[in-house]
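Residue numbers (this note's numbering), protein chains in the order written: chain G, 1 to 184; chain P, 1 to 279.
Derived from the structure by calculation, the hints contain no laboratory data.
Worth double-checking, as some hints may not be accurate.
Derived Cβ-Cβ restraints for the label pairs, each shown as a range [stated by the list, open to error]:
1) D19/P x K184/G: 35 to 43 Å
2) E37/P x E48/G: 50 to 58 Å
3) N56/P x T51/G: 39 to 47 Å
4) A40/P x S110/G: 27 to 35 Å
5) I126/P x S110/G: 31 to 39 Å
6) D147/G x D8/P: 32 to 40 Å
7) E215/P x I142/G: 49 to 57 Å
Just so it is clear, CB atoms sit at the ideal spot from N, CA and C, and this is done for glycine as well.
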Amino acid sequence: MMEIRRIKTPLEDRVIEELKSGEKVFLSGYIYTARDAAHKRFVDTLNERKTLPFDLEHQVIYYCGPSPSPPGKVIGACGPTTSSRMDLYAPQLISLGLKGMIGKGKRSQSVKDSMKQYKAIYFGATGGAGALLSKSVTSSEIIAYEDLGPEAVVKLGVKNLPLFVINDIYGNDLYEMGMLQYKK
Amino acid sequence: MREVHVDDIISALEGLFIDANINLSDNVFDALEKAIEEEASPVGKEVLRELIKNANIAKEEKIPICQDTGLAVTFIEVGQDVHIYGGGLIDAVNEGVRRAYKKGYLRKSCCDPFSRKNTGDNTPAIIHTKIVPGERVKIVVLPKGGGSENYGEVRMLVPSQGKEGMKSFVLEMVTKGGPNPCPPIIVGVGIGGNFETSALLSKEALMVPLGKRNEDPSIAALELELLEEINRSGIGPQGYGGTLTALDAHVKMMPCHIASFPVAVNIQCHAHRIKEAII
Chain G
1 MMEIRRIKTP
11 LEDRVIEELK
21 SGEKVFLSGY
31 IYTARDAAHK
41 RFVDTLNERK
51 TLPFDLEHQV
61 IYYCGPSPSP
71 PGKVIGACGP
81 TTSSRMDLYA
91 PQLISLGLKG
101 MIGKGKRSQS
111 VKDSMKQYKA
121 IYFGATGGAG
131 ALLSKSVTSS
141 EIIAYEDLGP
151 EAVVKLGVKN
161 LPLFVINDIY
171 GNDLYEMGML
181 QYKK
Chain P
1 MREVHVDDII
11 SALEGLFIDA
21 NINLSDNVFD
31 ALEKAIEEEA
41 SPVGKEVLRE
51 LIKNANIAKE
61 EKIPICQDTG
71 LAVTFIEVGQ
81 DVHIYGGGLI
91 DAVNEGVRRA
101 YKKGYLRKSC
111 CDPFSRKNTG
121 DNTPAIIHTK
131 IVPGERVKIV
141 VLPKGGGSEN
151 YGEVRMLVPS
161 QGKEGMKSFV
171 LEMVTKGGPN
181 PCPPIIVGVG
191 IGGNFETSAL
201 LSKEALMVPL
211 GKRNEDPSIA
221 ALELELLEEI
231 NRSGIGPQGY
241 GGTLTALDAH
251 VKMMPCHIAS
261 FPVAVNIQCH
271 AHRIKEAII
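Starting from the given sequences, assemble the full structure and let the hints guide the process.
Dropping the structure here:
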């Protein structure tokens, strides 16, 4: 078993500074789901100089569109979606105080540069492990864009959400490091 | 002539899509367990352990293995001595899908390509039918997520590129996908036929049980060669680095035009959901 660091939201800089690519962490606190359609609305809202549905400062966005909650359950399966679809929008949100993103798959160079510049972390949740991840969700509340269905913005209360640090603030990338180590 | 009412087809479809999305088949579960032993990377092993835990939780809690419960890919073989009555076959499949995705609390992931407006009930299903001898109806469902499907491609290679050209195309696609299609992946390769049959062959290749080799020994050898080269890429479980990038690689081949060399690659994620029923 791997050693696991426990962290919480809001994400503070001193915690972010300690995180290294390849580490497993358990995240607790509140996070916000958003996929491409919600990101497009965030950016449109900012361009119109209006306020976002939640304050980005020190917060974490989860790239996720859960399956519907069955009766008696807080949420359905809720694994990550491919992060690269949000690459176009992420740097602007990071510059406004977003400190963490959870998803799967590689990020663009401009997102990585923004993470370094503004001290933000990219976490990987295990893709296709939506049932396991749902066990860490303690509350779920739609806070914006309900018309988007599975793409609405949901505030999730999480306890010990299992994640891996993919990009840390020192320019390390678990995808590149891992592949280099095991390529034959 | 055997009579089959569409209601039997509707309820079969409803049951199959719920079952496939919640209960990972033994064939895939066993392959993931074996993968934990084989994987060299500690992070990779940890990811695979999460996947085993995930499959168990989905089964116990009756929730989907993955929130992307896919487009409803359905293959139907209709015996030529069967008379389907009570309505249309295609309508029956779509009705079964509609009911499964509602009753099973499965995510509706089907939308208009331009406006991106959700169709609301995960229809239309992707339906492939085949007329075969006999008096049975065989239904195979393969709910397929978008993350892995996005890394498929059909390429009309030049015949002189041969086996090496085909292999480098497959490896190019696996590397391009990297962590995005949720490795450990399953790779389906369709070779020959024409533009559209190569794509269909690549999908059918994904439906071959893990560990089962092609009956043609030279194609079986090619499958193992591909698997070995894919696993040398270093991508590993979830792309975090490791020795197990693919659980298997399957090839389906048929003759093609003398001027052509069509090759299609279809990638499946580790949440390989497939179930079948015979009516």
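These are the hints, each one checked on the structure:
Taking the beta carbon of each, D19/P and K184/G are about 39 Å apart, inside 35 to 43 Å as hinted. Look at E37/P against E48/G: about 55 Å separates their beta carbons, and that is inside 50 to 58 Å. Take N56/P and T51/G: their Cβ atoms lie about 43 Å apart, and the range 39 to 47 Å holds. Between A40/P and S110/G the beta carbons are some 33 Å apart, a value that agrees with the proposed interval 27 to 35 Å.
The given range of 31 to 39 Å is respected by I126/P and S110/G, whose C-beta atoms sit roughly 35 Å from each other. Remark: the range hint 32 to 40 Å for D147/G to D8/P is upheld by a beta-carbon distance near 37 Å. A hinted range of 49 to 57 Å for the beta carbons of E215/P and I142/G is consistent with their spacing of about 52 Å.
Checked against the numbered hints listed earlier, the structure breaks none of them; every hint is satisfied.
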